[in-house]
Amino acid sequence: MKNILILGGGLTGLTSAWKLAEAGFNITIVEKQGKLGGISGTFKHKNFNLDYGPHKIYTQIPNILDEIKNLIGENNLLEIQKRSKVYLKGRYYDFPLGLKDILLKMNPLIGLRAGLLFGTAKIKTIFSKKDISYEDYLVNRFGSGVYELVFKPYAEKVWGNPKELDVELAKTRVSVSSLTSVLINMLFKKQRPEVSAEKFYYPKNGIISLSEGMQKVIEMAKGKILLNSYAKDIKLTDKAIQEIKIKHNNKLVKIKPDFVISTIPIKELPALLKAPQNVIDAANSLKYRPMILFYIVVNKDGLFNDNYIFYPEKEVIFNRICEQKGFSKFMIPENKTVLTVEITCDESSELFKLKDKELYEKVIADLEKVGILNRKEVVEYFSVRLKDVYPVYNLNFKNNLNIILDYLSNIQNLITNGRQGLFNYNNMDHCIDMGIKASRYIINNGNDWYEKIKDFNYKIVD
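Sequential numbering of the sequence shown, starting at 5, is according to the working numbering.
Calculated directly from the structure, the hints in this document are not laboratory data.
Take the hints with a grain of salt, since some may be wrong.
Ranges between beta-carbon positions, derived for each pair [to be verified]: (1) Asn79 - Lys458: 32 to 40 Å; (2) Gly38 - Lys239: 21 to 29 Å; (3) Lys373 - Gln416: 55 to 63 Å; (4) Ser413 - Lys373: 35 to 43 Å; (5) Asp262 - Asn74: 36 to 44 Å.
Only pairs whose alpha carbons sit at most 16 Å apart, straight line, appear in this in silico EDC-like list of lysine to aspartate or glutamate [what the hints assert, rightly or not]: (6) Lys260 - Glu223; (7) Lys441 - Glu455; (8) Lys291 - Glu351; (9) Lys36 - Asp242; (10) Lys228 - Glu26; (11) Lys291 - Asp370; (12) Lys318 - Asp350; (13) Lys391 - Glu455; (14) Lys175 - Asp140; (15) Lys318 - Glu160; (16) Lys208 - Glu78; (17) Lys333 - Glu351; (18) Lys359 - Glu384; (19) Lys366 - Asp310; (20) Lys134 - Asp170; (21) Lys380 - Asp370; (22) Lys391 - Glu272; (23) Lys86 - Glu351; (24) Lys50 - Glu384; (25) Lys167 - Glu202; (26) Lys73 - Glu216; (27) Lys236 - Glu272; (28) Lys243 - Asp370; (29) Lys255 - Asp237; (30) Lys260 - Glu247; (31) Lys239 - Asp262; (32) Lys93 - Glu455; (33) Lys291 - Glu272; (34) Lys134 - Glu172; (35) Lys93 - Glu152; (36) Lys167 - Glu216; (37) Lys39 - Glu223; (38) Lys278 - Asp242; (39) Lys402 - Glu152; (40) Lys458 - Glu381.
C-beta: ideal position from N, C-alpha, C; glycine also.
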């Protein structure tokens, strides 16, 4: 049976390994970190079990939920009624934000302006020029009022200047085709936007349960998992990978795979493959934004009833907050709660370089300002800083990505896949789906992977 080497032990790589192991393939996973799962993971801090930010299991892809239930057991999944809010102009609103809220609950002048500009935008859409940027796409469909109220400030906080972001980001993040009609209807009827999951599932012991379930299957099938390891060098001969040198426990291990699935950041592959300089330059042009997860332990049983709350305005330092208890009460002791605060910034920024104590002063000041908690209730705080979290869809990303993919398509026994491997903005269910498709591709001796990935047009459902 073929020997399959998988670079990266996040959800996509693990899913492929799981399915290929079940099919009888010899599997080796190489993971740089000391644990599996990537950012879809859970870690222990004293008596608290914490995820790397909020995660939920919700999918519109057929059979994915059944796969998850079979993997970890339906009894280990909690069904949760989704509740979320957004903070705008000093008030909290249900999220997704409806046009009715904008018109009736906000400052009348803000609401009227947003409503009028939304209507104007609908007329202008008929005559508008081609959408190039994130800003073009949303202004043409929502008007500058709604855009400047919600979409623009949030984009600036998470990804950067909206004028310099590709239209693909807006198409992925905002389901305009359904949201537009629903926003109009909400003026007259009580309807919830169809772009939002009303219920979702969550493993009661943390999102790491998915990775642990896959790991169990892989190890039962005698698959190898090399943690704290990474590819050091790749030897190509006649457009095929012959050998990969793996750095494992400070030693070099040589592996001769029949096939390689790479789910590591695609920007790292060309240098490993000693690709032509134009391909390496394209890879170096792909940018990510890191994220700071700031955890605050609070001496209360809970702070709010929502799963998470969005803060798009630049006056507030964080993008989103959540409580781990909002997903599972089994992970946090009684009479305590842990608030997770998400902050996105450039790695070179002063904000990213701040020490926890300095960052805490900024975070707690804004948490008090928006009415979430009082600093007297805080027991302790700490941060986890993650790099390469959000792919930045700048105006040149497609061209650079295609240069890399065109080069990789000529390597017979290598495919790149996953959120990192395809520079793809997606959710956990999409990662699992991509992993399953990659395993089927190998099982069926496929030869058109780079045509298949053109169909990976996933929509983000909040």
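Hint check results:
1. Asn79 - Lys458: 32 to 40 Å: Check passed, 39 Å falls within 32 to 40 Å.
2. Gly38 - Lys239: 21 to 29 Å: holds, 27 Å
3. Lys373 - Gln416: 55 to 63 Å: holds, 57 Å
4. Ser413 - Lys373: 35 to 43 Å: Since the Cβ atoms of serine 413 and lysine 373 sit about 51 Å apart, the hinted range of 35 to 43 Å is violated.
5. Asp262 - Asn74: 36 to 44 Å: This hint is violated: roughly 28 Å between Cβ atoms.
6. Lys260 - Glu223: Status violated; Cα separation ~20 Å.
7. Lys441 - Glu455: holds, 13 Å
8. Lys291 - Glu351: Holds, at about 11 Å.
9. Lys36 - Asp242: Judged against 16 Å, a Cα distance of about 28 Å means the pair is violated.
10. Lys228 - Glu26: Roughly 14 Å between the alpha carbons, so the hint for lysine 228 and glutamate 26 holds.
11. Lys291 - Asp370: This hinted pair is violated, its Cα atoms lying about 29 Å apart.
12. Lys318 - Asp350: Roughly 15 Å between the alpha carbons, so the hint for lysine 318 and aspartate 350 holds.
13. Lys391 - Glu455: This hinted pair is violated, its Cα atoms lying about 30 Å apart.
14. Lys175 - Asp140: Holds. Lysine 175 to aspartate 140 sits at ~11 Å (cutoff 16 Å).
15. Lys318 - Glu160: holds, 8 Å
16. Lys208 - Glu78: holds, 11 Å
17. Lys333 - Glu351: violated, 33 Å
18. Lys359 - Glu384: Holds. Lysine 359 to glutamate 384 sits at ~15 Å (cutoff 16 Å).
19. Lys366 - Asp310: violated, 23 Å
20. Lys134 - Asp170: holds, 12 Å
21. Lys380 - Asp370: Answer holds: lysine 380 to aspartate 370 is near 14 Å, not above 16 Å.
22. Lys391 - Glu272: Since the Cα atoms of lysine 391 and glutamate 272 sit roughly 14 Å apart, the hinted pair holds (cutoff 16 Å).
23. Lys86 - Glu351: violated, 32 Å
24. Lys50 - Glu384: holds, 11 Å
25. Lys167 - Glu202: Violated, at roughly 32 Å.
26. Lys73 - Glu216: Answer holds: lysine 73 to glutamate 216 is near 13 Å, not above 16 Å.
27. Lys236 - Glu272: With a Cα-Cα distance of about 11 Å, the restraint between lysine 236 and glutamate 272 holds, given a limit of 16 Å.
28. Lys243 - Asp370: Distance of about 55 Å is beyond 16 Å: violated.
29. Lys255 - Asp237: Roughly 13 Å separates the two Cα atoms, so the pair holds.
30. Lys260 - Glu247: holds, 5 Å
31. Lys239 - Asp262: holds, 13 Å
32. Lys93 - Glu455: The given pair, whose Cα atoms are some 46 Å apart, is violated under the 16 Å limit.
33. Lys291 - Glu272: At roughly 12 Å apart (the allowed maximum being 16 Å), glutamate 272 and lysine 291 satisfy the hint.
34. Lys134 - Glu172: Given pair lysine 134, glutamate 172 holds - Cα atoms ~13 Å apart, limit 16 Å.
35. Lys93 - Glu152: holds, 12 Å
36. Lys167 - Glu216: Given that 16 Å is the threshold and the Cα spacing comes to 41 Å, the pair is violated.
37. Lys39 - Glu223: Cα-Cα ~14 Å, so holds.
38. Lys278 - Asp242: With a Cα-Cα distance of about 14 Å, the restraint between lysine 278 and aspartate 242 holds, given a limit of 16 Å.
39. Lys402 - Glu152: violated, 26 Å
40. Lys458 - Glu381: Violated - the C-alpha atoms of glutamate 381 and lysine 458 are around 50 Å apart, more than 16 Å.
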